[in-house]
Amino acid sequence: MRIHFSYQLIVSVLIASISVISCKKDDVDVIDPAVKNSVSIQFENRVGDQKLVLGTPAYKNAAGEPFALTTLNYFISNISLKKEDGTVQKFPNQYFLVRQADAASQVITLKDVPSGNYSEMSFMVGVDSAKSVSPVSERVGALDVTGYGTDGMYWSWNSGYIFLKIEGTSTAVPATVSASQSFAMHVGGYGGGWNGSAKTVNNLRTVTVPMTTKATVRGNIAPEIHLFVDALTIFNGPNKISLATTNSVHMPAAATPIADNYKTMFQVDHVHNDKQ
Amino acid sequence: MNMRMNLKRGLGGAGLVLGLMACHSTDQEAQPEQLFQQPANFPQPIYALDQNRPTVAGVALGKALFYDGILSRDGSISCAECHNQAYAFTHHQHDVSHGIDNQVGTRNALPIQNLAWASDFFWDGGVHSLDLVPIAPIENPVEMDEKTTNVISKLRASARYPSLFKAAFGSDEINGPRFLQALSQFMLTMVSGNSRYDKWVRKEPGGTLTDDEQAGLTAFRTKCSGCHTGELFTDNRFRNNGLFIQGSKDEGRAHVTELPEDRYTFKVPSLRNVEKTLPYMHDGRFYSLEAVLDHYAENVQRTENLDPLLMQTDKSGQVRLGIALTADEKRQIIAFLKTLTDDQFLRDPRFAVQ
Numbered sequence: 007m008r009i010h011f012s013y014q015l016i017v018s019v020l021i022a023s024i025s026v027i028s029c030k031k032d033d034v035d036v037i038d039p040a041v042k043n044s045v046s047i048q049f050e051n052r053v054g055d056q057k058l059v060l061g062t063p064a065y066k067n068a069a070g071e072p073f074a075l076t077t078l079n080y081f082i083s084n085i086s087l088k089k090e091d092g093t094v095q096k097f098p099n100q101y102f103l104v105r106q107a108d109a110a111s112q113v114i115t116l117k118d119v120p121s122g123n124y125s126e127m128s129f130m131v132g133v134d135s136a137k138s139v140s141p142v143s144e145r146v147g148a149l150d151v152t153g154y155g156t157d158g159m160y161w162s163w164n165s166g167y168i169f170l171k172i173e174g175t176s177t178a179v180p181a182t183v184s185a186s187q188s189f190a191m192h193v194g195g196y197g198g199g200w201n202g203s204a205k206t207v208n209n210l211r212t213v214t215v216p217m218t219t220k221a222t223v224r225g226n227i228a229p230e231i232h233l234f235v236d237a238l239t240i241f242n243g244p245n246k247i248s249l250a251t252t253n254s255v256h257m258p259a260a261a262t263p264i265a266d267n268y269k270t271m272f273q274v275d276h277v278h279n280d281k282q
Numbered sequence: 023m024n025m026r027m028n029l030k031r032g033l034g035g036a037g038l039v040l041g042l043m044a045c046h047s048t049d050q051e052a053q054p055e056q057l058f059q060q061p062a063n064f065p066q067p068i069y070a071l072d073q074n075r076p077t078v079a080g081v082a083l084g085k086a087l088f089y090d091g092i093l094s095r096d097g098s099i100s101c102a103e104c105h106n107q108a109y110a111f112t113h114h115q116h117d118v119s120h121g122i123d124n125q126v127g128t129r130n131a132l133p134i135q136n137l138a139w140a141s142d143f144f145w146d147g148g149v150h151s152l153d154l155v156p157i158a159p160i161e162n163p164v165e166m167d168e169k170t171t172n173v174i175s176k177l178r179a180s181a182r183y184p185s186l187f188k189a190a191f192g193s194d195e196i197n198g199p200r201f202l203q204a205l206s207q208f209m210l211t212m213v214s215g216n217s218r219y220d221k222w223v224r225k226e227p228g229g230t231l232t233d234d235e236q237a238g239l240t241a242f243r244t245k246c247s248g249c250h251t252g253e254l255f256t257d258n259r260f261r262n263n264g265l266f267i268q269g270s271k272d273e274g275r276a277h278v279t280e281l282p283e284d285r286y287t288f289k290v291p292s293l294r295n296v297e298k299t300l301p302y303m304h305d306g307r308f309y310s311l312e313a314v315l316d317h318y319a320e321n322v323q324r325t326e327n328l329d330p331l332l333m334q335t336d337k338s339g340q341v342r343l344g345i346a347l348t349a350d351e352k353r354q355i356i357a358f359l360k361t362l363t364d365d366q367f368l369r370d371p372r373f374a375v376q
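Protein chains in written order, with my numbering: chain A, 7 to 282; chain B, 23 to 376.
The hints are simulated quantities; they were obtained by calculation from the structure and are not laboratory data. By construction, the Cβ of each residue, glycine as well, lies at the ideal position given by its N, Cα and C atoms. Among these hints, one or two may not hold up.
What the hints assert, rightly or not - Listed next, the stretches of chain B that the computed footprint assigns to chain A, with coverage defined by at least 3 CB atoms under 8 angstroms from CB atoms of chain A: (1) 164-177; (2) 214-225; (3) 337-347.
As the list claims (entries may be wrong) - Taking CB as the label site, the calculated pair distances span: (4) B:Gln73 - A:Pro39: 33 to 39 angstroms; (5) B:Ala181 - A:Ala109: 34 to 40 angstroms; (6) A:Lys66 - B:Glu283: 27 to 33 angstroms; (7) A:Thr93 - B:Arg182: 34 to 40 angstroms; (8) B:Gln66 - A:His232: 32 to 38 angstroms; (9) B:Thr240 - A:Ser188: 57 to 63 angstroms; (10) B:Glu226 - A:Lys96: 54 to 60 angstroms; (11) A:Thr251 - B:Ile267: 55 to 61 angstroms.
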């Protein structure tokens, strides 16, 4: 008797719960952080309102100087996503090198992102100080100091990564400075302090960008965040940079105004939340 | 005996056993108990040996790389070109080093010895880990003028290296970290700690110093050891020893830190094997130890950031630049410095070109 009663109860509870679940599935959006999916971030480099294509002649900066680009590379790291409730999801120990010459490098993918509605993203441009002094055995993937070839994203004489490198040509560069009228700006400097040594210039910059359309990670939604990256801001940001006078930057102190400029060059254009 | 005990502590039992086994099967000449020695009179090493402990095969690979021109653009320049064993691995006859296409740099090559005890590398300390050093000469356009990425590709394509990497690291994968760690393993074993001075300190056979040499040591300890400190003869710091600013007007440490207080400061060099590492100073301006001593005694310049130890105020309140040295003291200090020559190191077949 007692046994029979319990059996009935269990069955009815089961039926009830199944109907509740299926009802939720159809009509209510359950956000279960245990359910994960990936988020991809696309860095679309531009020059003002033009597509950035290496070698294209005569983009123009605020100083009115025409220029063409041969290289634009930058490191992205320490990405974090903030939910609408203010909680922050961090993605430590992931380093990406975005290279204009390599389309595949312009889309980076974060794996295992808990379901949630994310309304803000932040990331560092560069390689944080802890990683900048880590043992070589930990420097793999984008951080392999022997892996950059002619890109040379590492200062061998100053043991530090080049966070952002922009190179090109401009008729504004005096031929007396560079016969080929080329310019090169290399921004690095993680702040020193290694082995108790003095603090040096720190050009690590953290960028925070809001997303008006939230990235809604679900079991069946892997959002794509699409960033516009306006390389013109490297010259036209808060600090106005003229290629006639600033055309060869290879030391951290001189690079600080450039870092302050590119900190403002990223914005989220749109977010795709397509169901898979 | 003392050294042996110390060595075991430094190596750890497992490493020693492993070394012995590897030695037995591959290389009859290698002496595993000498892979990395910590001389009894030396402090604890700074290099994190537990992360990259020299092994017989790792050191053999590092040595092969060190002596191979494949690391340079046109195959002509190996590390050993500028780091010659007979001169404690410096570039003899060259005040500043000559590299590829006979191009000239601005700095005098530093010796490769006792690097496990160094905290920063190069005259300006620009590199903070031994493992990261090789990239600088390889990619320097006036030294080896090659891309490290390309070196790795050339090694992968070579007939010789895959098996050497396999022996050293367990698989024939050739990658950047392994390449750098192998070079470090070889360089770490280049320990110079068997000079007559060392034997004297450790009271070992052959450890005798003449009266002049002992007087020189006493003078050195009062006049020089403020900077050339301890058994490595350096405090591993950056100082301005009052050289006249000339030539390339090298700003030294400030080149890296961009701090005004570092202008014209350079790494205090170790004085081990100094008899053999001429010419002297970051730009190789002095060709003899006599010239160095004359500099300290008579020629110290009051340039920006001159080290306070070289600016003494005497009783009458007069500032005296440099170090007071009599002719006898100079002679005795030089006699003492020559006792730091370690012939065993300079002729050690383990470090010599095959």
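Each hint tested on the structure:
Look at the region 164-177 of chain B against chain A: 6 of its residues bring a Cβ nearer than 8 angstroms to a Cβ of that chain, three or more, so the hint holds. For the region 214-225 of chain B, the assignment as covered by chain A is violated, since 0 residues bring a beta-carbon within under 8 angstroms of that chain's beta-carbons and 3 are needed. Figure legend: the region 337-347 of chain B, annotated as covered by chain A; annotation inconsistent (0 residues with Cβ-Cβ distances under 8 angstroms, at least 3 required). A C-beta distance of roughly 37 angstroms is found between Gln73 (chain B) and Pro39 (chain A), which places it inside the suggested range of 33 to 39 angstroms.
Against the hinted window of 34 to 40 angstroms, the Cβ-Cβ separation of Ala181 (chain B) and Ala109 (chain A) comes to about 36 angstroms, which satisfies the hint. Under the hint 27 to 33 angstroms, the C-beta atoms of Lys66 (chain A) and Glu283 (chain B), about 42 angstroms apart, miss the expected range. For Thr93 (chain A) and Arg182 (chain B), the hinted distance range of 34 to 40 angstroms is not satisfied, since their beta carbons lie about 55 angstroms from each other. Judged by the Cβ atoms, the range 32 to 38 angstroms given for Gln66 (chain B) and His232 (chain A) is violated: they are separated by roughly 53 angstroms.
Separated by about 59 angstroms at the C-beta atoms, Thr240 (chain B) and Ser188 (chain A) satisfy the suggested range of 57 to 63 angstroms. Checking the proposed 54 to 60 angstroms range against Glu226 (chain B) and Lys96 (chain A) shows it holds: the Cβ atoms sit about 57 angstroms from each other. Under the hint 55 to 61 angstroms, the C-beta atoms of Thr251 (chain A) and Ile267 (chain B), about 28 angstroms apart, miss the expected range.
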